[in-house]
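Q: Please take these sequences and the hints and turn them into a complete structure.
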Amino acid sequence: MNTRVVITGMGAITPLGNSLEETWKNLLAGKSGVGPLTGISTEGLSTTIAAQIKGLDAEKYIDKKMLRRLDPSEKFCLVASQLAYDDAGLEGADIDRDRCGVIIGSGIGGISTLESQYQILIDRGAKRVSPFFIPMMIIDMCPGLTAMRFNFRGPNYATVSACASASHAIADAFRSIQRGESDIIITGGAEASITQLSVAGFCAARALSKRNDEPEKASRPFDIDRDGFVIGEGAGILVLESLESAKARGARIYAEVIGAGMTCDAHHLTAPLPDGAGAGRAMKLAINDAKIQPEEVGYINTHGTATGLGDIAETKAIKTVFGDHAYKLAINSTKSMLGHLLGAAGGIEAIVTAKSLQEGRLHPTANLENPDPECDLDYIPGQAREAQIRYAISNSFGFGGHNVSLILAAHDAS
Amino acid sequence: MSIDEKIKELVMDKLNVTAEQVTIEASFVEDLGADSLDQAELVLALEDEFNLTISDKDSESILTVGKAIEYIQSQVKE
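Chains as they are written, first to last, in this note's numbering: chain A, 208 to 621; chain B, 3 to 80.
Calculated directly from the structure, the hints in this document are not laboratory data. Treat the numbers as computed from the prediction; the structure is a model and nothing was measured. Among the clues, some could well be false.
So the derived label-pair ranges between C-beta atoms look like this [what the hints assert, rightly or not]:
1. B:Val78 / A:Glu266: 55 to 61 angstroms
2. A:Asp293 / B:Met14: 28 to 34 angstroms
3. A:Glu421 / B:Glu11: 54 to 60 angstroms
4. A:Thr477 / B:Val78: 54 to 60 angstroms
5. A:Ala591 / B:Val31: 40 to 46 angstroms
6. A:Thr477 / B:Ser29: 50 to 56 angstroms
7. A:Lys267 / B:Glu11: 37 to 43 angstroms
8. A:Asp293 / B:Ala47: 50 to 56 angstroms
Where is the CB? At the ideal position from N, CA and C, for every residue including glycine.
A: Next up, the structure:
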């Protein structure tokens, strides 16, 4: 029989707060983390809004010398990892660190370092490029640095699948513990790609909302007036642990991870299959993996990015998988308030899903004023809602046609 | 600020060490905890600060605070 896997720690740095507590409180209140884009030149950009990290005092967690040598994505990763590690009570814990791993995803990695060092190369020549350029840029340094910090000597790598990166990481972490290869894995995602080049690229791909005069209303999943996603940044990190290890330590358990499914559309660079077939298959595989029935699922934390095609495809996929039960599901989009944290989105959304199960409260989908007629499910418009949920799904899809669905279960203390 | 003062300040900043640690005899690796990346960064910082180019061969001989001061003084004078 497979080892059971539970969530024992969570840490988040988001546009709605530099802790999980603050982020969760603001999500329940329906607040938006989107504002005018600051810190980079917006000259020539068709989008001038973003969901950015504000007022993070990273020196509280990381020493000054180290901090200078971290790309912002690595900085967000280490701070959120520290918060999750502390939350799980792992400091000084009696655990076998050879059996503790780190699997963390990022969609884009150290692009701000890449941009600034490329500028140095052009302006001042090859000799002036920093010796820290490569370690600051490469995506796998997020898990690498995290392992160094906590002396976790087990499996260690990054996952890269655009906006599904963190969910692939969590799925792999789940499998590693499930098959008995590891006891504990720090997992999730980190992203810091609000740079001139990156935003210009997303603008060119016509992926971003241009509602520049109303930043807080720009991210409107499932609404008829949606016009693209809002780029966000931050990190969502979880501690996954075998149930035996968690019980032996007397650790607090937020929720259990019971299933994962992954597929690919094999269809288009950026657009999903119009009928959401790939997303539907991922949900179906996850449900089968969890050995539950579709009717037992009560809540879906959607990918819900607020793109024209994506929200309709996901809605169709849910209807295909759940039939009539689709209309009874509570469904929301965390991105309606946090914006799209790209490769970190699956991390924070798994955290939100676990919190929802643990507390019996579901945050609303903000800005859903006039639902698209093709999006006719219960997306929790307006206010947060109380609901005791047993099983929930967290969906993440990425450019490239990647689809990941995770199934979390409320933890039954018995 | 004199050359040696400037160098000491730079070393303190780049290696995150105190003024007391930055003695003339202090070895970057053994006493100040520098690794190969730190050393490479330090050479870049010296080049920037004193507006000169340090060859790879020369940089290999800059192993202590004293050696750095000696080297920079000889280059700046020339």
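Q: Hint numbers the structure violates, sorted upward?
A: Failing hints, ascending: 1, 3, 5, 7, 8.
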